[in-house]
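Trainee: With the hints as constraints, model all of the structure from the sequences given.
Here is what each chain is made of, one letter per residue.
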Amino acid sequence: MFDKNELEKIGQARQNWEDKTLKKTLDKQGEQKKAFTSISGTTIERLYTPLDVSGLNYVECLGFPGTYPFTRGVQPTMYRGRYWTMRQYAGFGSAKETNARYRYLLDQGQTGLSVAFQLPTQAGYDSDHALSMGEVGKVGVAVDSIEDMRVLFGGIPLGKVTTSMTINAPAPVLLGMYLALAEEQGVPWDKVGGTIQNDVLKEIICRGQYIFPPKPTMRLTVDLIEFCQKQVPRWNSISISGYHIRESGSTAAQEMAFTLADGIAYTQACVERGMDVDAFAGRLSFFFNAFTNVCEEVAKFRAARRCWARIMKDRFKAKDARSMMLRYHVQTGGVTLTAQQPMNNIVRVALQTYAAALGGCQSLHTNSYDEALCLPTQEAVTVALRTQQVVAEESGATDTVDPLAGSYYVEALTDQIEADIEAYIKKIDSMGGTLTAIEQGYIQKEIQNSAYRFQKEIESGERINVGQNKYIMEEPPLTNLLKVNMQQGEIETEKLKKLRAGRDQGAWKSALDNLREVSGTSENVMPAVIRAVKAKATVGEICDVWRGVFGEYRPKEYI
Amino acid sequence: MAEKKIKMIVAKPGLDGHDRGAKLLSRIFAEAGMEVIYTGLRQTPEMIVAAAVQEDADVVGLSSLSGVHNYFFPRVVELLREKQMNDVLVVGGGIIPKEDIPGLKQAGVAEIFGPGTNTETIVNFIKENVRK
Amino acid sequence: MDTDYVAEILKGSPRAISRVISWLENDDPRASGCMEKIYPHTGRAYILGITGSPGSGKSSLTDKLTQKLRSQGLTVGIVAVDPTSPFTGGAILGDRVRMGDIAMDPGVFIRSMATRGYLGGLAQATSNAVKILDAAGKDIILIETVGVGQDEVDIIRIADTVCLVLVPGLGDVIQSMKAGVMEIADVYVINKSDRPGADQLCAEVTHRVAQDVEIRARQWPPPVVQTVATENEGIDEMADAIQAHRSYLEQSNRLIDKRRERTRDETLQMIHYELFRAIKAYLSRDHRMDQLVSDIMERRENPYRLMHRMLKNYLRLPESDISLNAD
Numbered sequence: 000m001f002d003k004n005e006l007e008k009i010g011q012a013r014q015n016w017e018d019k020t021l022k023k024t025l026d027k028q029g030e031q032k033k034a035f036t037s038i039s040g041t042t043i044e045r046l047y048t049p050l051d052v053s054g055l056n057y058v059e060c061l062g063f064p065g066t067y068p069f070t071r072g073v074q075p076t077m078y079r080g081r082y083w084t085m086r087q088y089a090g091f092g093s094a095k096e097t098n099a100r101y102r103y104l105l106d107q108g109q110t111g112l113s114v115a116f117q118l119p120t121q122a123g124y125d126s127d128h129a130l131s132m133g134e135v136g137k138v139g140v141a142v143d144s145i146e147d148m149r150v151l152f153g154g155i156p157l158g159k160v161t162t163s164m165t166i167n168a169p170a171p172v173l174l175g176m177y178l179a180l181a182e183e184q185g186v187p188w189d190k191v192g193g194t195i196q197n198d199v200l201k202e203i204i205c206r207g208q209y210i211f212p213p214k215p216t217m218r219l220t221v222d223l224i225e226f227c228q229k230q231v232p233r234w235n236s237i238s239i240s241g242y243h244i245r246e247s248g249s250t251a252a253q254e255m256a257f258t259l260a261d262g263i264a265y266t267q268a269c270v271e272r273g274m275d276v277d278a279f280a281g282r283l284s285f286f287f288n289a290f291t292n293v294c295e296e297v298a299k300f301r302a303a304r305r306c307w308a309r310i311m312k313d314r315f316k317a318k319d320a321r322s323m324m325l326r327y328h329v330q331t332g333g334v335t336l337t338a339q340q341p342m343n344n345i346v347r348v349a350l351q352t353y354a355a356a357l358g359g360c361q362s363l364h365t366n367s368y369d370e371a372l373c374l375p376t377q378e379a380v381t382v383a384l385r386t387q388q389v390v391a392e393e394s395g396a397t398d399t400v401d402p403l404a405g406s407y408y409v410e411a412l413t414d415q416i417e418a419d420i421e422a423y424i425k426k427i428d429s430m431g432g433t434l435t436a437i438e439q440g441y442i443q444k445e446i447q448n449s450a451y452r453f454q455k456e457i458e459s460g461e462r463i464n465v466g467q468n469k470y471i472m473e474e475p476p477l478t479n480l481l482k483v484n485m486q487q488g489e490i491e492t493e494k495l496k497k498l499r500a501g502r503d504q505g506a507w508k509s510a511l512d513n514l515r516e517v518s519g520t521s522e523n524v525m526p527a528v529i530r531a532v533k534a535k536a537t538v539g540e541i542c543d544v545w546r547g548v549f550g551e552y553r554p555k556e557y558i
Numbered sequence: 000m001a002e003k004k005i006k007m008i009v010a011k012p013g014l015d016g017h018d019r020g021a022k023l024l025s026r027i028f029a030e031a032g033m034e035v036i037y038t039g040l041r042q043t044p045e046m047i048v049a050a051a052v053q054e055d056a057d058v059v060g061l062s063s064l065s066g067v068h069n070y071f072f073p074r075v076v077e078l079l080r081e082k083q084m085n086d087v088l089v090v091g092g093g094i095i096p097k098e099d100i101p102g103l104k105q106a107g108v109a110e111i112f113g114p115g116t117n118t119e120t121i122v123n124f125i126k127e128n129v130r131k
Numbered sequence: 000m001d002t003d004y005v006a007e008i009l010k011g012s013p014r015a016i017s018r019v020i021s022w023l024e025n026d027d028p029r030a031s032g033c034m035e036k037i038y039p040h041t042g043r044a045y046i047l048g049i050t051g052s053p054g055s056g057k058s059s060l061t062d063k064l065t066q067k068l069r070s071q072g073l074t075v076g077i078v079a080v081d082p083t084s085p086f087t088g089g090a091i092l093g094d095r096v097r098m099g100d101i102a103m104d105p106g107v108f109i110r111s112m113a114t115r116g117y118l119g120g121l122a123q124a125t126s127n128a129v130k131i132l133d134a135a136g137k138d139i140i141l142i143e144t145v146g147v148g149q150d151e152v153d154i155i156r157i158a159d160t161v162c163l164v165l166v167p168g169l170g171d172v173i174q175s176m177k178a179g180v181m182e183i184a185d186v187y188v189i190n191k192s193d194r195p196g197a198d199q200l201c202a203e204v205t206h207r208v209a210q211d212v213e214i215r216a217r218q219w220p221p222p223v224v225q226t227v228a229t230e231n232e233g234i235d236e237m238a239d240a241i242q243a244h245r246s247y248l249e250q251s252n253r254l255i256d257k258r259r260e261r262t263r264d265e266t267l268q269m270i271h272y273e274l275f276r277a278i279k280a281y282l283s284r285d286h287r288m289d290q291l292v293s294d295i296m297e298r299r300e301n302p303y304r305l306m307h308r309m310l311k312n313y314l315r316l317p318e319s320d321i322s323l324n325a326d
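Chains as they are written, first to last, in numbering that gives the first Met the number 0: chain A, 0 to 558; chain B, 0 to 131; chain C, 0 to 326.
Derived from the structure by calculation, the hints contain no laboratory data.
Glycine included, every Cβ here is placed at the ideal spot set by N, Cα and C.
For the chain C half of the interface with chain B, some residues (derived, Cβ under 7 Å), not all of them:
(1) Ala90
(2) Met103
(3) Phe108
(4) Ser111
Below, a list of computed lysine to aspartate or glutamate pairs in the EDC-like style, where the Cα atoms sit at most 16 Å apart:
(5) B:Lys4 x C:Asp27
(6) A:Lys455 x B:Glu30
(7) B:Lys3 x C:Asp26
(8) C:Lys67 x C:Asp138
Mentor: Okay, here's the thing in structure tokens:
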């Protein structure tokens, strides 16, 4: 960005400063630490100057918002045009209770929905399954059949709101229910908008909600993407997620690298299915974390945007600019929250929100301050949502596009993270691709090593978590925590009993038989799934059909 | 007689997939000289206890972040007792509200370690309280 | 009343099996009395070794093979060995993770075991643990070794049939294996056969087997089977290959020969181990050994003469069997 003469002058001036000004200060008083590192372990220099970004070619590396390589953002006006979608992940107890929370959030100015399903649903079991014991309604809403789905979205027009669903291995089933419900509401599928997580690879890497072996589960993923591309064009057919990778302990660069590597695997699988890259890539969306180190997070988002654009253009020969855009949802960092002095979490979330905004996210979930202790109460969720609104309306972060661009520090960090991402992707390519790298435990081990390093830093006091390993105090426990009805399992079991007794047995059986048959071929499963959910087949029943056809997966654990 | 090693089962009861803590601790227990049997995810209390019996475990460590501790932890203790494994030390950790801890201890869980606990504290607790 | 561990083991009690295995691992003196009493009840089980490089999918294969054996009505004992860290003395025993489907089956007993410094791919207690599972009535005992590649070939001393697991994509597996490792297999298993390079690896192994002078001279040409354990593919073929080897051993009387050799080795080793332990215990008393070491260090005594004297004084063996004549 600077010519050679200018750089030389800066270099001399810098040397001068080091010899005279800096030395004097350092002689008088050393710095607090020998080395400063970011939360990801990246060494941070004392000072960044144009010398650190001397190789940066503005037009090639940064360009302009809304154009390749999208470093500065995916839209030309960013938040001047429209704020990010404020989308709080929510769900607990019954569909009815969760529906009430959704309506409350929409009334409070939230602009999109995000469904947290209970673990049994995510793992493809009905609420009355033996493995669902104790889990029903706990970390998400119990949805076993289309009837629960109908209650969950009662009074909410599916043509107007967009909905995100964190559901991975059984994604086709839940999307099937949502589409069947849209049909009931008279909303045509091409007017239905939203996102489905549908990212099974990261379940194997770190989140644990896998059901089927890698090959068949990838096939279901691609079936869903292909189906949406043809029939539900406004639907983001996958949300390729780094959030959980980061939560598992990765660095910022690893979060981006492994997520983009997953993205490459999905894109490759779709291309191998015979889809044109520009036909589906515009509907690939992403999901990332935001930690408290604002500059590192912003650099991470910018670096990933640039990398993905290049991957799509160079590796997959995409032509449509939309295919090259890294569009993503952000959630603030769950693991950064402390159980100690929980009110401090509000401050953490505010900084993380600020990072997400400065980084250019498309939608955002803010965690609640009580989430290291329990599911959030309504009061805590409200503070979390207000945090987004304060950042959007008051902080000024939304007034200009990519505000931190041109900061020597942020640009240098962006370059460095980009280089780290590229090195990982190269390594994964050399191993034979993402699936092999996962199967060999490479990605898992890299993440665990980072988690281990972080833990050691915390325990040695090298890294500080306020209230946890510094500024500790005695405090009364937080009261008024959200409690989920312990009897929820029995209530749902009762509902299921009625459902099973009351449905048209013939239609139900033939729909499942049809699904079994289709699943054994290479035909797209989605139409058969939709027929089955309309016949009131449950999540567990449909997944059982697939367990029979595909088998179950049990990954090797790498420690 | 050879030096007696502490054998420990580390298990994730229920459907919760958050295993960062369980894996990290497995590594730290092994570094502290223990033999750690990691069972992986989706363990029922019956599976955990079967493993404890077959491995002749001295300690069972349970990790839960999905709010199912009140159901799972006491059930593991109960099943261990049924198998005459009364002297096995059961410890737990995860997202567990303080108000639940007395009940869990009453049920026979020796200690609960919440988020932010120093790992050395956990290792020392086990070494001091394991059956000799 | 004290538990009668022997009777409980013979009844198949998991609690007793597991407790006595712990005694064996810890060199607890209570173990040897038990072993003496259960020995007459051993020798019935068929012993399978599953070995192969780290990451080749041994646990998944063990899991799926066990399911197959169970479907044939056979009970199974599993001993899965993982390495102890030489630095910390601890170990991560992770093989159970892949065996979730069989963990609750009362016809299956799984025991993880750390090497605790023992070389050769097994733990010191492995062979005795196998005997306990045998006496407890398990029809088949599967031993999963630590990853081989170098010298971890002790499994051939214990197992009736050894399956060597190889996978494509881990570099030039065959070349990197030391001489003597490829030869231990009675059955070659190419796992993860859905990966690129599987057919090539299969061809290479087949070729190597056909070319190897030592293997060619055997009456049993080791078959090569392809599996994808995670997808349950090729497990029937693997089980068939093992059964074929077993039939061959039984019909050719090789099984008797093999077990005779094993009994000889094992007996000698036990005597060696116990003798060493006893002499060491004796010499350690009253600092005798310290004194002897000082004598040797100062060249008042030499270790050769000392050894000879020890053998002569404490073992009532004919003079001609004591080979060294230092005097």
